[in-house]
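Take the given structure of chain W and dock chain B to it, following the hints.
Going down the list, the protein sequences come from chains W and B.
Per this note's numbering, residue 21 is the first one in the first sequence, and the count goes up by one each step.
Per this note's numbering, residue 21 is the first one in the second sequence, and the count goes up by one each step.
Hints listed in this document are in silico derivations from the structure and should not be mistaken for laboratory results.
One or more hints might be untrue.
Below are the SDA-like pairs computed for lysine to any residue, each with C-alpha atoms no more than 25 Å apart in a straight line [claimed, not checked]:
| hint | chain 1 | residue 1 | chain 2 | residue 2 |
| --- | --- | --- | --- | --- |
| 1 | B | LYS322 | W | ASP284 |
| 2 | W | LYS322 | B | TYR272 |
| 3 | B | LYS322 | W | THR243 |
| 4 | B | LYS278 | B | LYS329 |
| 5 | W | LYS327 | B | SER280 |
| 6 | W | LYS176 | W | GLU202 |
| 7 | B | LYS322 | W | GLU265 |
| 8 | W | LYS287 | B | LYS329 |
| 9 | B | LYS322 | W | LEU326 |
| 10 | W | LYS322 | B | LYS101 |
| 11 | B | LYS329 | W | GLU265 |
| 12 | B | LYS101 | B | LYS329 |
| 13 | W | LYS327 | B | ASP232 |
| 14 | B | LYS322 | W | GLU325 |
| 15 | B | LYS278 | B | VAL151 |
| 16 | W | LYS322 | B | LYS327 |
| 17 | B | LYS278 | W | HIS288 |
| 18 | B | LYS329 | W | GLY227 |
| 19 | B | LYS278 | W | GLU325 |
| 20 | B | LYS278 | W | GLU328 |
| 21 | B | LYS327 | W | LYS176 |
What follows is a set of in silico ranges between Cβ atoms, one per label pair, in the way DEER data are often shown [stated by the list, open to error]:
| hint | chain 1 | residue 1 | chain 2 | residue 2 | range |
| --- | --- | --- | --- | --- | --- |
| 22 | B | HIS74 | W | ILE156 | 53 to 63 Å |
| 23 | B | THR330 | W | ALA254 | 34 to 44 Å |
| 24 | W | THR330 | B | THR330 | 22 to 32 Å |
| 25 | W | GLY195 | B | LEU283 | 46 to 56 Å |
| 26 | B | HIS81 | W | GLU238 | 41 to 51 Å |
| 27 | W | GLN185 | B | LEU283 | 19 to 29 Å |
| 28 | B | PRO275 | W | GLU238 | 34 to 44 Å |
| 29 | B | LEU283 | W | ASN192 | 50 to 60 Å |
Here a beta-carbon is modelled for each residue, glycine too, at the ideal position from N, C-alpha and C.
Protein chains: 2
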Amino acid sequence: MSQDKILVVGTGALGSFYGALLSKAGADVSVVCRSDYSKVKQDGFQIKSDKLGHWCFEPTHVLKSVAEYKDQADYLILCTKIIPEIDRVELIRPAVSSKTRIVLIQNGVEIEQPLANAFPNNEIISGLAFVCCNRIALGITHHLAYGKLTLGNFNKTTRDSNSTQHLAALINKAGIEATVSEKIISDRWLKCLWNAPFNPLSVLSGGLSTADILSSQEPLIRTIMQEVMQIAKACGHPLAVESIETNIQNTYAMPPYKTSMLLDYEKHHSMEIEAILGNTVTAARRENIPCPTLNTLYSLMKLIELKEKTG
Amino acid sequence: MSQDKILVVGTGALGSFYGALLSKAGADVSVVCRSDYSKVKQDGFQIKSDKLGHWCFEPTHVLKSVAEYKDQADYLILCTKIIPEIDRVELIRPAVSSKTRIVLIQNGVEIEQPLANAFPNNEIISGLAFVCCNRIALGITHHLAYGKLTLGNFNKTTRDSNSTQHLAALINKAGIEATVSEKIISDRWLKCLWNAPFNPLSVLSGGLSTADILSSQEPLIRTIMQEVMQIAKACGHPLAVESIETNIQNTYAMPPYKTSMLLDYEKHHSMEIEAILGNTVTAARRENIPCPTLNTLYSLMKLIELKEKTG
Numbered sequence: 021m022s023q024d025k026i027l028v029v030g031t032g033a034l035g036s037f038y039g040a041l042l043s044k045a046g047a048d049v050s051v052v053c054r055s056d057y058s059k060v061k062q063d064g065f066q067i068k069s070d071k072l073g074h075w076c077f078e079p080t081h082v083l084k085s086v087a088e089y090k091d092q093a094d095y096l097i098l099c100t101k102i103i104p105e106i107d108r109v110e111l112i113r114p115a116v117s118s119k120t121r122i123v124l125i126q127n128g129v130e131i132e133q134p135l136a137n138a139f140p141n142n143e144i145i146s147g148l149a150f151v152c153c154n155r156i157a158l159g160i161t162h163h164l165a166y167g168k169l170t171l172g173n174f175n176k177t178t179r180d181s182n183s184t185q186h187l188a189a190l191i192n193k194a195g196i197e198a199t200v201s202e203k204i205i206s207d208r209w210l211k212c213l214w215n216a217p218f219n220p221l222s223v224l225s226g227g228l229s230t231a232d233i234l235s236s237q238e239p240l241i242r243t244i245m246q247e248v249m250q251i252a253k254a255c256g257h258p259l260a261v262e263s264i265e266t267n268i269q270n271t272y273a274m275p276p277y278k279t280s281m282l283l284d285y286e287k288h289h290s291m292e293i294e295a296i297l298g299n300t301v302t303a304a305r306r307e308n309i310p311c312p313t314l315n316t317l318y319s320l321m322k323l324i325e326l327k328e329k330t331g
Numbered sequence: 021m022s023q024d025k026i027l028v029v030g031t032g033a034l035g036s037f038y039g040a041l042l043s044k045a046g047a048d049v050s051v052v053c054r055s056d057y058s059k060v061k062q063d064g065f066q067i068k069s070d071k072l073g074h075w076c077f078e079p080t081h082v083l084k085s086v087a088e089y090k091d092q093a094d095y096l097i098l099c100t101k102i103i104p105e106i107d108r109v110e111l112i113r114p115a116v117s118s119k120t121r122i123v124l125i126q127n128g129v130e131i132e133q134p135l136a137n138a139f140p141n142n143e144i145i146s147g148l149a150f151v152c153c154n155r156i157a158l159g160i161t162h163h164l165a166y167g168k169l170t171l172g173n174f175n176k177t178t179r180d181s182n183s184t185q186h187l188a189a190l191i192n193k194a195g196i197e198a199t200v201s202e203k204i205i206s207d208r209w210l211k212c213l214w215n216a217p218f219n220p221l222s223v224l225s226g227g228l229s230t231a232d233i234l235s236s237q238e239p240l241i242r243t244i245m246q247e248v249m250q251i252a253k254a255c256g257h258p259l260a261v262e263s264i265e266t267n268i269q270n271t272y273a274m275p276p277y278k279t280s281m282l283l284d285y286e287k288h289h290s291m292e293i294e295a296i297l298g299n300t301v302t303a304a305r306r307e308n309i310p311c312p313t314l315n316t317l318y319s320l321m322k323l324i325e326l327k328e329k330t331g
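Pulled out of the complex, with its shape left as it was, chain W reads as follows (with noise of 0.2 Å):
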C-alpha cells in the first residue's frame, strides 16, 4: 500500500496534533503554517503530549501558502478556525485535485455545505475533535488529556467509506481513539449543544469559567440547549432526548473550563460566532424555528465584536 500524502492546512493546537499523529503512524504529511512558519521550517513541530509523550512531527513539507504544495494529496485536511477573514474555499482550492478528500475538522454547525457546493465531485469527510490541547508556543503544542477524532461522510453522493475508515484507523495506528459515524450530522449538533450557551456564556458573563456559569444560571443555559435540540430536530437531525441532562451532568462533573470563544475574545483573536452561533440561528429562521434566547447571544456577541474592533 502506498504511502498516504496529506496536507494539513491550518497548524494551530489542532492542526499540528493530528498531523503529527498522522505522520507518526507513517503518512507523508506536509502542512501550510501561517505564523509559525519560519520556526517550523526549521526545527519542526514539537509535540508534548501527556498521554504519548514527546516527539519531533517533522512534516514532510512546510508550506507558506496552499498553492506551493505540488504533490497531489489524499487528505487536504482544513484545521483554520472558522471566521470571517478566511474564506475556507479559496484558500484550499489551489491543492484540491479529482481525488483529494477534504476533511474538515473545525467547530461549528453547517460548515460542510459551502465546501460541498465549491467541490461538489470530491469526498467530503466531516470531523469532529474531542481533545485538549494548546499551542504553548511557536512550533510547540501541548496536549493535555482526549484526543478522540469523530469522522463522518458529509456527501450521499461522493461517500467512499474505505477513505474514511482508513484515515481513522491511521489515528488510531498512533495511539488516539478515532471512530466513524453514520451520524456525523447529529453529532454536529450534539456538540453545538454545548457550544451555543457555554461558548458565548463565558465571554458574555465577562470571563465566569462554565462551573460557575451553570452554577449560578443553570435554567438559561437549559432553555438555549432546548433552542438548539428544537432546531436540530427541525433539520432532520434530532438529538437523543437525554442529551441536555447528559450535557448539563457532564459539565457539573468537569473542572471549570475556559472555553475556545474565552480563550480566544481575551487574546483579541477572532471568535467563531458565525460557526457556533450564526449559522444555528440561520438554521432556525429557515426551519421556522423560533429561538429568542440564541437569537439574543447572537446579537450580544456581534456587539462584542464590534467593540472589539473599533477599541
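Showing chain B alone in chain W's frame:
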C-alpha cells in the same frame, strides 16, 4: 407659609443637585451623606451647573445617618441607587414621621410598593429625573444638561396633590422644570422602555455607546422594547403605540452616551440590575407575559455581577 423641612437621603449627583435646588428655592434642606460626609460637613456642596451657574449649597444639617435627624421632615427625598446592599425601608424609617411625604427619585419599575407597604399612612411621591449630572469629586456636582423632574402620587388613598404640586413649584422656582403627572407609573414604564435595552447592552457589549448599539443591533432593541410594552400593558399601564419609534429616533439623535449601568460597571460599583431588569421580569412572570429576551439579559447581568464579585 412656614419653611419646608426637607431631608435628602443619598447625596450622589441626583440628591445633591435636587437638594441644592430646593435649598435655593428657600426650603430648609438637610442631607444624609455617606462617602462625602467630612468634605460636605466642612464646605457644603459645590454645584457647577452649565445651565444655572455655580453656587455653594450649604445644608442645614449634614448627617452621617438618618437617625441623627431631629426635625420632622415635610419631605424625605430618597435618592440612593436601588441595590441589594441598601434596605430602603430600614434606611429611612428613623426619620419618617406621620406627616412625612416620602419622595423617591430613583430608577426602575415597581419600586414604590415596598415603601408603601412599610409606611401605609404616608404619602408616597414617585419621581423621575431626566437630567445629565455627575459627581465629579467629593462634594462637587457637575450639572451638564437637562434636569426635568416628573413627580406623581403613588397611592390614591394617601393622595394629597397639593404637597406634590408644592414640591414641583419649589423646583420650578429654582429654575429647573418640574411637572406633576397623573400617570407616574406609566411614566416609569416609559423610561424603562429605554433603560431595559440600553443599560444592560452597554455593559454586555463590553462598553459600547448607545449610538453604536442602536446602529448595529436595532432589531434587538426593538424586540426588547416590545417585551417591555407588553409587560407594562399587562400591568395596567399601556404605553402609547408610537413610544418605541419615538425612543429609537430620539436615541439616534442623541450624542453617543454611556449609560448609568456602564458607568457603575466601569467603576466596579453595584449596578441597578434588580430595579431595571429584575422587577421587569418579575412583573412579567406575575402577569404571565413571555419575555425571553429580557430573561436572557437579566440572567447575563447576574453572571456579570457574579464575575464582579468573584473577580
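Going down the list of hints, with the structure as the test:
In summary, the hint linking LYS322 of chain B to ASP284 of chain W is supported, as the alpha carbons are separated by about 23 Å, within the 25 Å threshold. Proximity of LYS322 of chain W to TYR272 of chain B is assessed by CA-CA distance (about 19 Å); at most 25 Å being required, the pair is judged to hold. Between the alpha carbons of LYS322 of chain B and THR243 of chain W the distance comes to roughly 16 Å, so the proposed pair stays at or under 25 Å and holds. Distance check on the hinted pair: LYS278 of chain B and LYS329 of chain B sit about 22 Å apart at the alpha-carbon level, within 25 Å; holds.
Taking the CA atoms of LYS327 of chain W and SER280 of chain B, the gap is about 18 Å. The hint holds against a cut of 25 Å. For the hint linking LYS176 of chain W to GLU202 of chain W, the alpha-carbon distance of about 11 Å falls within 25 Å, and the restraint holds. For the hint linking LYS322 of chain B to GLU265 of chain W, the alpha-carbon distance of about 23 Å falls within 25 Å, and the restraint holds. With a CA separation close to 23 Å, the supplied pair LYS287 of chain W and LYS329 of chain B stays within the 25 Å bound.
Proximity of LYS322 of chain B to LEU326 of chain W is assessed by CA-CA distance (about 23 Å); at most 25 Å being required, the pair is judged to hold. Between LYS322 of chain W and LYS101 of chain B the alpha-carbon distance is near 31 Å, which puts this suggested pair outside the 25 Å criterion. At roughly 29 Å between alpha-carbon atoms, LYS329 of chain B and GLU265 of chain W are farther apart than 25 Å, so this suggested pair is violated. Restraint check for LYS101 of chain B and LYS329 of chain B: the C-alpha separation of about 18 Å stays at or below 25 Å, so the hint holds.
Of the pairs offered as hints, the one joining LYS327 of chain W and ASP232 of chain B holds, with about 9 Å between alpha carbons and a cut-off of 25 Å not exceeded. With a C-alpha separation of about 21 Å, the suggested pair LYS322 of chain B and GLU325 of chain W falls inside the 25 Å cut-off, and the hint holds. Proposed proximity of LYS278 of chain B and VAL151 of chain B is supported: the alpha carbons are some 14 Å apart, at most 25 Å. For the hint linking LYS322 of chain W to LYS327 of chain B, the alpha-carbon distance of about 21 Å falls within 25 Å, and the restraint holds.
A hinted pair counts as satisfied when its Cα atoms are at most 25 Å apart, and LYS278 of chain B with HIS288 of chain W qualifies at roughly 23 Å. Restraint check for LYS329 of chain B and GLY227 of chain W: the C-alpha separation of about 12 Å stays at or below 25 Å, so the hint holds. Between LYS278 of chain B and GLU325 of chain W the CA atoms are separated by roughly 18 Å; this keeps the pair inside 25 Å, and the hint holds. For the hint pairing LYS278 of chain B with GLU328 of chain W, the CA-to-CA distance comes to about 17 Å; that is within 25 Å, so the pair holds.
A distance of roughly 47 Å separates the Cα atoms of LYS327 of chain B and LYS176 of chain W; the hinted pair therefore is violated under the 25 Å criterion. Taking 53 to 63 Å as the suggested C-beta distance range, the pair HIS74 of chain B and ILE156 of chain W conforms, at roughly 59 Å. A hinted range of 34 to 44 Å holds for the C-beta pair THR330 of chain B and ALA254 of chain W, which are about 38 Å apart. Between THR330 of chain W and THR330 of chain B the beta carbons are some 29 Å apart, a value that agrees with the proposed interval 22 to 32 Å.
Against the hinted window of 46 to 56 Å, the Cβ-Cβ separation of GLY195 of chain W and LEU283 of chain B comes to about 55 Å, which satisfies the hint. The hint said 41 to 51 Å for the Cβ distance between HIS81 of chain B and GLU238 of chain W, and at roughly 50 Å that hint holds. At roughly 60 Å, the beta carbons of GLN185 of chain W and LEU283 of chain B sit outside the given window of 19 to 29 Å. About 41 Å separates the C-beta atoms of PRO275 of chain B and GLU238 of chain W, a value consistent with the hinted range of 34 to 44 Å.
Between LEU283 of chain B and ASN192 of chain W, the C-beta spacing of about 57 Å keeps the proposed range 50 to 60 Å intact.
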